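Undergrad: The residues making up each chain are set out below.
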Amino acid sequence: MSKNAPVSAFHRLRRRYGNTMIVALALIVMAILVNVTPLKEQTWLRVLFGVSALNFTLRWTVPLVLGALSGILCERSGIINIGIEGMMLAGAFAGFVAKTSTNHWPLAASLIFSVVAAVAVGGLMGAVHALFSIRFRMDQIISGTVIIILALGTTSYLYNRDAIAEGKFSSIPIPGLAQIPVIGPVLFDNPPITYLALIMVAVVHLGLFYTRWGLRTRAVGEHPRAADTVGINVNRYRYINTSLGGMLAGLAGAFLVLEAVGQFQEGMTAGRGFISLAAMIFGNWNPIGALGAATLFGYTQALQNELLLAGVTQVPRQFISMLPYVVTIVAVSGLVGRVRPPAAEGKVYETEGSA
Amino acid sequence: MATASSTTGITRTLRALLIPSLALLAALLAGAVVMILSGDDPMAAYSGLFKGAFGDGKGWARTVRKTIPFVLTGLSVALAFKVSLFNIGASGQFVMGSVFAVAVGINFEGLPVYIHLPLALLAGIAGGMLWGAIPGILKVYTGAHEVIVTIMLNYVASLFGGWTVYAGGTQGQTPGPLWDRTAGAISETPDVLHSAQIPWLFGPPYRVHYGVFLALAAAILVWWLIFKTPLGFEMRTVGHNMRAARYAGIRVNFTIILTMALAGGLAGLAGAIETLGLNHKFAPEFGGAVGFDGITVALLGQTHPIGVLLAAFMFGALDGGAATMQFESGVPADIIQIIQALVLAFVAAPLIIRMIFRLRQQTDQDAGSAVNTSWGGA
Numbered sequence: 001m002s003k004n005a006p007v008s009a010f011h012r013l014r015r016r017y018g019n020t021m022i023v024a025l026a027l028i029v030m031a032i033l034v035n036v037t038p039l040k041e042q043t044w045l046r047v048l049f050g051v052s053a054l055n056f057t058l059r060w061t062v063p064l065v066l067g068a069l070s071g072i073l074c075e076r077s078g079i080i081n082i083g084i085e086g087m088m089l090a091g092a093f094a095g096f097v098a099k100t101s102t103n104h105w106p107l108a109a110s111l112i113f114s115v116v117a118a119v120a121v122g123g124l125m126g127a128v129h130a131l132f133s134i135r136f137r138m139d140q141i142i143s144g145t146v147i148i149i150l151a152l153g154t155t156s157y158l159y160n161r162d163a164i165a166e167g168k169f170s171s172i173p174i175p176g177l178a179q180i181p182v183i184g185p186v187l188f189d190n191p192p193i194t195y196l197a198l199i200m201v202a203v204v205h206l207g208l209f210y211t212r213w214g215l216r217t218r219a220v221g222e223h224p225r226a227a228d229t230v231g232i233n234v235n236r237y238r239y240i241n242t243s244l245g246g247m248l249a250g251l252a253g254a255f256l257v258l259e260a261v262g263q264f265q266e267g268m269t270a271g272r273g274f275i276s277l278a279a280m281i282f283g284n285w286n287p288i289g290a291l292g293a294a295t296l297f298g299y300t301q302a303l304q305n306e307l308l309l310a311g312v313t314q315v316p317r318q319f320i321s322m323l324p325y326v327v328t329i330v331a332v333s334g335l336v337g338r339v340r341p342p343a344a345e346g347k348v349y350e351t352e353g354s355a
Numbered sequence: 001m002a003t004a005s006s007t008t009g010i011t012r013t014l015r016a017l018l019i020p021s022l023a024l025l026a027a028l029l030a031g032a033v034v035m036i037l038s039g040d041d042p043m044a045a046y047s048g049l050f051k052g053a054f055g056d057g058k059g060w061a062r063t064v065r066k067t068i069p070f071v072l073t074g075l076s077v078a079l080a081f082k083v084s085l086f087n088i089g090a091s092g093q094f095v096m097g098s099v100f101a102v103a104v105g106i107n108f109e110g111l112p113v114y115i116h117l118p119l120a121l122l123a124g125i126a127g128g129m130l131w132g133a134i135p136g137i138l139k140v141y142t143g144a145h146e147v148i149v150t151i152m153l154n155y156v157a158s159l160f161g162g163w164t165v166y167a168g169g170t171q172g173q174t175p176g177p178l179w180d181r182t183a184g185a186i187s188e189t190p191d192v193l194h195s196a197q198i199p200w201l202f203g204p205p206y207r208v209h210y211g212v213f214l215a216l217a218a219a220i221l222v223w224w225l226i227f228k229t230p231l232g233f234e235m236r237t238v239g240h241n242m243r244a245a246r247y248a249g250i251r252v253n254f255t256i257i258l259t260m261a262l263a264g265g266l267a268g269l270a271g272a273i274e275t276l277g278l279n280h281k282f283a284p285e286f287g288g289a290v291g292f293d294g295i296t297v298a299l300l301g302q303t304h305p306i307g308v309l310l311a312a313f314m315f316g317a318l319d320g321g322a323a324t325m326q327f328e329s330g331v332p333a334d335i336i337q338i339i340q341a342l343v344l345a346f347v348a349a350p351l352i353i354r355m356i357f358r359l360r361q362q363t364d365q366d367a368g369s370a371v372n373t374s375w376g377g378a
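Those protein sequences? They're chains B and E, same order as listed. Our numbering numbers the first residue of the first sequence as 1 and each following residue consecutively. Our numbering numbers the first residue of the second sequence as 1 and each following residue consecutively.
Honestly, the hints are just simulated from the structure, not real lab data. Owing to the predicted nature of the structure, the values given are computational and were not obtained by experimental measurement. Be aware that a few hints might be false.
Said to hold, decoys possible - Computed beta-carbon distance windows for the label pairs:
#1 V315(B) with G110(E): 31 to 39 Å
#2 R358(E) with H223(B): 45 to 53 Å
#3 N55(B) with F108(E): 44 to 52 Å
#4 A270(B) with G57(E): 34 to 42 Å
#5 H194(E) with V326(B): 20 to 28 Å
#6 A270(B) with H194(E): 32 to 40 Å
#7 F327(E) with Q265(B): 46 to 54 Å
#8 S171(B) with H194(E): 54 to 62 Å
#9 W224(E) with V330(B): 34 to 42 Å
#10 A270(B) with M43(E): 30 to 38 Å
Unchecked claim - From the structure, some residues in chain E lie toward chain B, with a derived Cβ separation under 7 Å:
#11 V149
#12 V156
#13 G162
#14 W163
#15 F227
#16 P230
#17 H240
#18 G330
#19 P332
#20 I335
#21 L344
#22 A349
#23 I352
Beta carbons are placed, not taken as given, at the ideal position from N, Cα and C, and that holds for glycine.
One chain only, chain B, in its complex shape (with noise of 0.2 Å):
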């Protein structure tokens, strides 16, 4: 019995991280074989594994895996937040918009400044979103449509194209682990939000399933009713988690802003907050499987930025660039029965007798 304890472990661990941990090990192999041996000879090794695909995978991935994470929190207590990628352009805004007015202010002081009001206007988005789909009974799908084309068109119309966003974050290397080979300068020589998305995922893991807050969210998105027999107040940890979901979301736009481009461009969340959507339900609502599939359509982005820049194939590039999408096509489509979201997703939820 003790023999088998370690393999049923293991087996529990591959069980609920399978995808997860394929992903990462067959990438972190494969990167170590290439970059080390003399196989990074070979090019279409190199673009496939090389330091600069896994650098490009981890800038793709820290955006989705924060969409990611803002829709478990939504959709684990029960609203279906599609409208994430409203979210995260209104967070990019609003960063943006912070860092440009206080363009004159130490450059460190700035641009924290700037992500906390691209979080708070982000969790301002959620805040609508549950206002919508809660007091105003809104279909939670259409709520999150109006959240992104209110997005589109007031990011648009407020947009002013002669503001300059000066500096941006750069990369923070962990003394000591920055030095591994491959390892290191992948995953720990990199700025502020990359770091902070990844501990978010232990955060939001360890909180949903480890905390009283996480056990009565879950609650409140299976069975409401039940939830409610017991005293929890299933509206206010709707409103609650749908804010925090925001906030994640506006994280993710603080870091295109801020982080990754260093300014703000007009639709500039190109598709990453349907992504994240996808990502969230491959990795089955929970924050290290959302971790795995971001991690996976990260790497389906950078491997077309690689395939480009790279030109070893005669494919034309739109059918490169459509890589990204159409994987993400299939992850949902090869689910079949393997998912589940929660249960009371998408309902309102109604007091007896004040309907």
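Chain B is already provided as a structure; the job is to place chain E on it using the hints.
TA: Okay, now just chain E, sitting in the frame of chain B:
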């Protein structure tokens, strides 16, 4: 009041118009607040808007011209709504319709117009149907939610459209199959042959083509399909209660796929009409936004084909007047997008409107616009 109004058709129609009209009014008021807050003059903006949309013959022509694609994408979204499907993919379907239509329109020289034009239009419909059927098929057989699939297909369609007219890269990449060889570095198709162009109803400078009647006909056809045919009955039944429909022997899977295909066909027709009637060619920048606006138009029209016509006309006027508004008042035309989003918010949440205007709650259901919300399908 409620009992009296349900007896006559006219009061029932008026009541159906009440919420959308108030939603529009509220959105215009809220838009004015946004303008005041950002230092713009709403009176100047709205008078410019009205002048641009209805001020003269050219204004009217602009409004009508802009209305046509809204009608078709609105119908596309509305039809899917009837089956509890959310088609956010109208813009991709629009692009595919444009590409397919233009592919037929620039080829087959010498065909008479009464063959070439219908053929090009049908090709556009087919392109849209293909793009609409994919999410339907995936939903039925794999459970993939149509919202994600249609969104992703929008990006794929836009890249595909870009490839077909790609002028080729500086490093000698192969140009796309529909690229106009005489266009130099510009990525666009040649002009559609005369025999495949939709004739002008009012020629330049008005530029209103016979596509108006196609859009009207499509609205009537969709109305007839939904309310007067057995298939429409099946669609509405599936939309109301999928399980009951299955129990009653309705082919639910078939209905879902067919509805998505038809919805795609309508958006594809929109693309075909814009290409063959107005732009006379395809370039990557044509298309896109009308698909998202179709959602708002469909909901503002209460997912009823006649309502969609009215809503599309309102949106046509907003878009038609936007340029004049920006020119005369200096208010960025993007404010129109905000107003359209607010219209969507107010019309999708009648409770907000009832609160603002202190209306009494009706006993019957308001806009029946609940979408099938489970990600897992089934």
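Undergrad: Now look at each hint and say whether the structure bears it out.
TA: For each hint, the structure was consulted:
A beta carbon spacing of about 35 Å between V315(B) and G110(E) agrees with the range 31 to 39 Å that was offered as a hint. At about 36 Å, the beta-carbon gap between R358(E) and H223(B) misses the expected band of 45 to 53 Å. A hinted range of 44 to 52 Å holds for the C-beta pair N55(B) and F108(E), which are about 50 Å apart. In this structure the hint that A270(B) and G57(E) lie 34 to 42 Å apart at CB holds, the actual value being about 40 Å.
Taking 20 to 28 Å as the suggested C-beta distance range, the pair H194(E) and V326(B) does not conform, at roughly 38 Å. Checked against the hint of 32 to 40 Å, the pair A270(B) and H194(E) passes, with Cβ atoms roughly 38 Å apart. Our hint of 46 to 54 Å for F327(E) and Q265(B) is violated, since their Cβ atoms are close to 25 Å apart. The hinted window of 54 to 62 Å between S171(B) and H194(E) holds, with their beta carbons roughly 60 Å apart.
Roughly 38 Å separates the CB atoms of W224(E) and V330(B), a value that falls within the hinted 34 to 42 Å. For A270(B) and M43(E), the Cβ-Cβ distance of about 37 Å falls inside the hinted range of 30 to 38 Å, so the restraint holds. Hint status for V149(E) relative to chain B: holds, with the closest Cβ pair at about 6 Å, below 7 Å. Interface hint at V156(E): satisfied, since its Cβ lies 5 Å from the closest Cβ of chain B, which is below the 7 Å cut-off.
Below 7 Å, beta-carbon pairs count as interface contacts, and G162(E) has one with chain B at about 5 Å; its hint therefore holds. Annotation: W163(E) was flagged as interfacial toward chain B, and the flag holds, the nearest CB pair being 4 Å apart, inside 7 Å. About 23 Å separates the beta-carbon of F227(E) from the nearest beta-carbon of chain B, more than 7 Å, and the hint is not met. For the restraint placing P230(E) at the interface with chain B, the shortest Cβ-Cβ distance is roughly 28 Å, beyond the 7 Å limit, so the hint is violated.
Interface hint status for H240(E): violated, as the beta-carbon distance to the closest one in chain B is roughly 15 Å, over 7 Å. With a cut of 7 Å, the hint placing G330(E) at the interface with chain B is violated, because the nearest CB-to-CB distance is about 13 Å. The criterion of a C-beta within 7 Å of any C-beta in chain B is met by P332(E), whose closest approach is roughly 5 Å, and the hint holds. Hint status for I335(E) relative to chain B: holds, with the closest Cβ pair at about 5 Å, below 7 Å.
The interface hint given for L344(E) is met, as the beta carbon of that residue sits about 5 Å from the closest beta carbon of chain B, less than 7 Å. Interface hint at A349(E): satisfied, since its Cβ lies 4 Å from the closest Cβ of chain B, which is below the 7 Å cut-off. Proximity of I352(E) to chain B holds as hinted, the smallest CB-CB distance being about 5 Å (cut-off 7 Å).
The structure fails to meet hints 2, 5, 7, 15, 16, 17 and 18 from the earlier list, while all remaining hints are met.
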